[in-house]
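Visitor: Using the sequences and the hints given, assemble the complete structure.
Residue numbers (UniProt numbering), protein chains in the order written: chain X, 1 to 550; chain A, 1 to 57; chain Z, 1 to 726.
No wet-lab data here; the hints were simulated from the structure.
Warning: the hint list may mix true and false statements.
[Said to hold, decoys possible] Some chain Z residues well away from chain A (every beta-carbon gap over 10 Å; in silico): (1) V152; (2) R160; (3) M472; (4) W507; (5) A565; (6) L597; (7) R602; (8) A626.
[Stated by the list, open to error] DSSO-like cross-link-like pairs, simulated, lysine-lysine; straight-line CA separation at most 27 Å: (9) K77/X - K443/X; (10) K252/X - K183/X; (11) K27/A - K412/Z; (12) K27/A - K100/Z; (13) K643/Z - K412/Z; (14) K100/Z - K412/Z.
[Said to hold, decoys possible] Covered stretches of chain A, going by a simulated chain X footprint (3 or more residues, C-beta under 8 Å): (15) 3-17; (16) 34-43.
Ideal placement from N, C-alpha and C gives every residue a C-beta, glycine not left out.
The chain contents come next:
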Amino acid sequence: MMERLTVAERQQAMLITAVLALAGLILAIAGRNDPMGVHGWMTLFFAGGLFFVVGNALYAAEPTEDRTTSYYDDPTKVGILLSLFWAVVAMGMGVWVAAQLAWPDLRFDAAWSSFGRIRPVHTSGVIFGFGGNALIATSYHVMQRTSRARLAGHVSPWFVLLGFNLFCIIAASGYLMGITQSKEYAEPEWYADIWLVIVWVSYFVLYMRTLARRNEPHIYVANWYYMAFILVVAMLHIVNNLAVPASFSAAKSYSAFSGVQDAMTQWWYGHNAVAFFLTSGFLGMLYYFLPKRAERPIYSYRLSILSFWGIVFFYIWAGSHHLHYTAVPQWVQTLGMTFSVMLLVPSWASAGNALMTLNGAWGKVRDDATLRFMMVAAVFYGLSTFEGSFMAVRAVNSLSHYTDWTVGHVHAGAMGWVALITFGSIYALVPILWRRESMYSWKLVEWHFWLALIGTVIYVFAMWNSGIIQGLMWRTYTESGTLAYSFTDSLVAMHPYYVARTIGGAFFLTGAIIGAFNVIMTIRRVRQDTHELDYPTKSEAGEPAVPVAE
Amino acid sequence: MTILYLLIPVTILMGLTGLGAFFWTLKSHQYEDLAGDAERILHDDDTPMPPRKENVR
Amino acid sequence: MPSRFTGPPEHSRELVLTSPTIRCGGCVAKIERSLAALPEVARARANLTLRRINVTLTQPGDPLNPVLAELERIGHPGRLIDSADLSAEDKDETEVALLKAVAVSGFGAMNVMLLSVAVWSGASGATRDSFHLISALIAVPIVLYAARFFFVSAWGALKRASMNMDVPIALAIALAIALSLFETIRGGGEVFFDAAVTLTFFLLIGRYLDYRMRGKARSAMTGLQGLAVREAWEVTPEGKLRPVAVETITPGMVLRIPVGERVPVDLRVLSGASDLDRSLVTGESAPVAVATGDEVEAGALNLTGSVDAVALRPVEDSFLAMSMRILAGAEESRSTYVRIADRAAQIYAPLIHLVAFATFIGWLLATGDWHRAAFIAISVLIVTCPCALALAVPVAHVVASSRLMAEGILLKEGSALERLANATRAVWDKTGTLTDGSPVLSNAPEFSADARAAAALAEHSAHPVARCIARMHSTPTLFAEEITEHPGFGVEGRIDGRIARLGRPSWVAEIAGKACEGEGPAFAFADAPMLRFPLRENLREGAQATIIALRQAGLESEMLSGDAASAVNLVADQLGITEARGDLTPQDKVVRLQDLLAQGERPLMVGDGLNDTAALAMAHVSMSPASATEAGRAAADFVFLRKGLDAVPLALRMARRTAAIVRQNFGLAIAYNCIAVPLAIAGYVSPLIAAIAMSGSSIAVVANSLRLNSQDAVRATAPQLQEVPV
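Guide: Quick look at the structure:
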């Protein structure tokens, strides 16, 4: 990998890692009496390790390839592998968290393994570790292909990818040590937040510079979704994490806003994170990999552009529906509700556009599990956006809020939409990146697909049931006007569903492990006895799903 | 809800950025051939375009 | 951002070609890659929508031939588009300006609506007042920018002391803003900023769609051209050939007209002989032989022999240019047509202004509170702002025109649909319209040895009559040798050792043993009896069914042709057209149409030739096939790309269906007003109700118009095909 960098670029990389290692050292010394110091050491080792890896190959031969005739795919490859690594780790955490809810003894009486600490490891791990790495990796691929230009620079893609992973490591390890600023999806403390801003701004600059050197005048719509993802996440992250550190020698900080203002900012951030991290970026993936895999253009390109602007404008104000029946003024809640309901229009336009693209190619969907991943993802996208708009209505929210229904809704989106479109895109991408005719085994792709689908369905149905039962038990009164059930009663009623949820999650995790195995075997070029295609096809005259490259 | 006096300007600023981006797309003729642009990504030979022969500038 | 895609085209490096065979993404990729591989090409980009290719040459002034040859080789032949045509397209900046205004007002509508929703949901006190202020800061500049189209148009109408739909629109928007500003300053509870901005947004969408429809049709037409001559070959005194632009031809210049090219200006033949196809110029179906000394009109197609000729007149005095002048006169007469929306506005606008005024007086008298009276009167104006009314027509027309475009029928502007819907009579040109211009043998002679020999000779000529004789015997069993083509006369050759001729009867008779009476071209072996091939014209696909379908729709047909009366009557009989006139000059056709118009008829003219151009422009509404002359297409309201004539009844059905939808839309808009106006007069209309009512009625109108997209909108019961006696 190092042989693709020029000596000057290697020196540049060494300089950057040296500065980062120094920053780690300063953090370690300043926070020597605080868990923050551990993060300083981790940063030092991370950056130092990279420094030596690069330094080792500093005077190896200069690259001989003609950089104008190929794309730079090394960071994409590493990003895909990191994404799969995080998927297995974070989904494993998820199964463990779910199991803890059913069988609390699984905490083993340790502080670091308590629910409150490993749950954010699960959520940040899947959203940022799995989703974020997949977004960065696929965006590198898509921006190069649709611009018909090589990445702008050879060090900055690595800086963005590895820097982002350093953030993820700091975040996850911090939770286990009890470092959190208690903001959903924004738990990491101030120093991690500052680091992410630096990484994210480099990401945006890299994207813009690559677009600026494009050889194709038209900017494909997927790029707009990716750019909105990068730009808006940067803004949300900065505003929501405005905080004053209690001291520069410790992790603790206090939010710049207080009380209900802080809650409003948090959910303005929280829901827009759903919009621009978990929707916009993955729609970019959908709009590139789905047409590519189905080998037919998007049904209505115009509609994909229109729904882009619709999503960008409608999402911004939907967040306050997370604060129904709180101290937030009634009209702020109504505002959030109104825009959440209107949001359905552009959301369904996107889902419909994806499904209409496949209309007429159902034969391919039947044969090709990769395409089926994307198709089911679009269906779940449509379902969960409808559910979301529905749950944002105040009357519905009075039943659903604080119950497992919300958890079910989030997982319908996260497992059904985000994870499935990501796995579909990875299966479409891996053979292209590593120049293989197909995946190692199409049967394992099928296995993964069905495990993921069954796991999602079990999970979501369990949570719907438990959520509604919970909501009803909490609001049932006796004739004398007291609550009919104690909170413990409702917990007992939840037990079977929590067991079911663990099973659903385990299915999903198994699928992800199989997927990771399949990808690794594809990369290691392990041949099966018979020459297999990506999918069993008779209808497509035995053509490989991916054009034979090289 | 004084926080809205921060959030509203930030949001309007984002909207203006979007509007500016849209104006730029108009100026750079991004919508001239939507049918062709949707098809274009499907015909990708996985190499960047050859360097342009701009020996006249 | 890089400017390399946006900069002005560098001098003569940027070329635009049209290539109608671009049909899929694969073609785009193929063309771009093949062209980019050429050393002459710096950049090539194919446009699937417009079926064009933009080529940037490496060096200014590089020859284009390698590019054209490469396109030919990969199966996508292209033709250069004249830069003058393109600049005419580019000049129309209004579409982009409208789209920008749509975006700006959409952005404003979104943000103002957000603040309004907050106020409606209960934000009160200082929050409400500050939200009103923020709304004002957003709405005022946006309305000034985006709604300027309405203000300008309304001001123009008022200056001419007339009324159009934009007058009430502009008034409502302006008053809504003014009232809201006033209320904001005095801390009032109800402002209409959201109404003003969303109104502007909706109306601009309608206007933008209307414009885009026209622009799209215009670009599609540019791609069709190809008949007009751009370059000619001058024979220099030294006897060399030199290309010259048509505009630079001066009288006295000697030009060479090769086979297959059109005559650029009016000419007199100096040397050579040929047959010319004048069908697009005069309507004559049969090719005309020309020889030294004959005069030829611009636009005729040279079929058989290359001729040298001297230019008689510069291009602007040619027959073609004179036709254009008749055309200009005819078009003027049509511009008096008032679109249905404007007719509605002439009634609607004064009415609502009267109602609003009466409301003001009424409330003032009843309460004595002038502020309250003004508030209610203005809310009446806002509520009656003809949003749905203004969308009623353009949206239906846009949907109909895109549906028609999908069927291969291009439409120049929305008013053509209105005019077609109420046409009362169909007037047809013959050659090239009802017939496809090519001859067929009306009575195939017996399958004799002579006929086979004639076919063998005919194989060697490009003359349309020869082509049709050759087609009669598709597998020639005889072979002709020593072929010589005598332009203007026919083909001579040797078959089985005997001299044979096919062509003009008098010329064939020179060698024939015995002349024979009859119609059409002749064939004979030397000193043998003559054989005649009677011809008739080939009817265009679906011609009979079309005439019947139109009759069923209430449109009687008549035929106006420049061709000989005998030929005209023959075709009229075949089609069952009772009224047919032949030997007409272009002026005669115009006169006939004027007569029809004077009788109160609203004729639909269908024609293709130069000689029809003025008639097309004079008629109430007109159509022409894509094969028509450029002038013809420019004059017609509809151009159909399909081969068959069924495009005519199809367009008629679509137009009538559109008219019905437009009437329903007006009905919806009126129903909306019947509910909204009394509420407004009674003072019950709050900004929230206004917003809901206006969006509701607009959406209803749009949804109703979308019904035109359904399949059965154009499908019709197939007209009964009757056997028409020949």
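Visitor: Does each hint fit the structure? Answer for all of them.
Guide: Structure-based check of all given hints:
Every C-beta of chain A lies more than 10 Å from that of V152/Z, the closest at about 21 Å, which supports listing it as non-interface. In this structure R160/Z is separated from chain A by more than 10 Å, as the shortest Cβ-Cβ distance comes to about 32 Å. Every beta carbon of chain A lies more than 10 Å from that of M472/Z, the smallest distance being close to 43 Å; the non-interface claim holds. Every Cβ of chain A is farther than 10 Å from the Cβ of W507/Z; the closest lies at roughly 54 Å, confirming the non-interface assignment.
Non-interface call for A565/Z relative to chain A: holds, since the shortest CB-CB distance, roughly 49 Å, exceeds 10 Å. The beta carbon of L597/Z is kept farther than 10 Å from every beta carbon of chain A, the shortest such distance being approximately 41 Å. At roughly 37 Å, the least C-beta separation between R602/Z and chain A is larger than 10 Å, which holds for a residue marked as non-interface. With a cut of 10 Å on Cβ distances, A626/Z stays outside the contact zone with chain A, its closest approach being about 20 Å.
A distance of roughly 23 Å separates the Cα atoms of K77/X and K443/X; the hinted pair therefore holds under the 27 Å criterion. Annotation: proposed proximity of K252/X to K183/X holds, straight-line Cα distance about 13 Å (limit 27 Å). This hinted pair checks out: K27/A and K412/Z have alpha carbons roughly 26 Å apart, not beyond 27 Å. As the CA atoms of K27/A and K100/Z are separated by approximately 10 Å, the hinted pair is consistent with the 27 Å bound.
Using a Cα cut-off of 27 Å, the hinted pair K643/Z and K412/Z holds, with the two alpha carbons roughly 19 Å apart. A distance of roughly 23 Å separates the Cα atoms of K100/Z and K412/Z; the hinted pair therefore holds under the 27 Å criterion. With 9 residues bearing a CB less than 8 Å from a CB of chain X, the region 3-17 of chain A meets the requirement of three and the coverage assertion stands. Figure legend: the region 34-43 of chain A, annotated as covered by chain X; annotation consistent (8 residues with Cβ-Cβ distances under 8 Å, at least 3 required).
Violated hints are absent here; each numbered hint is respected by the structure.
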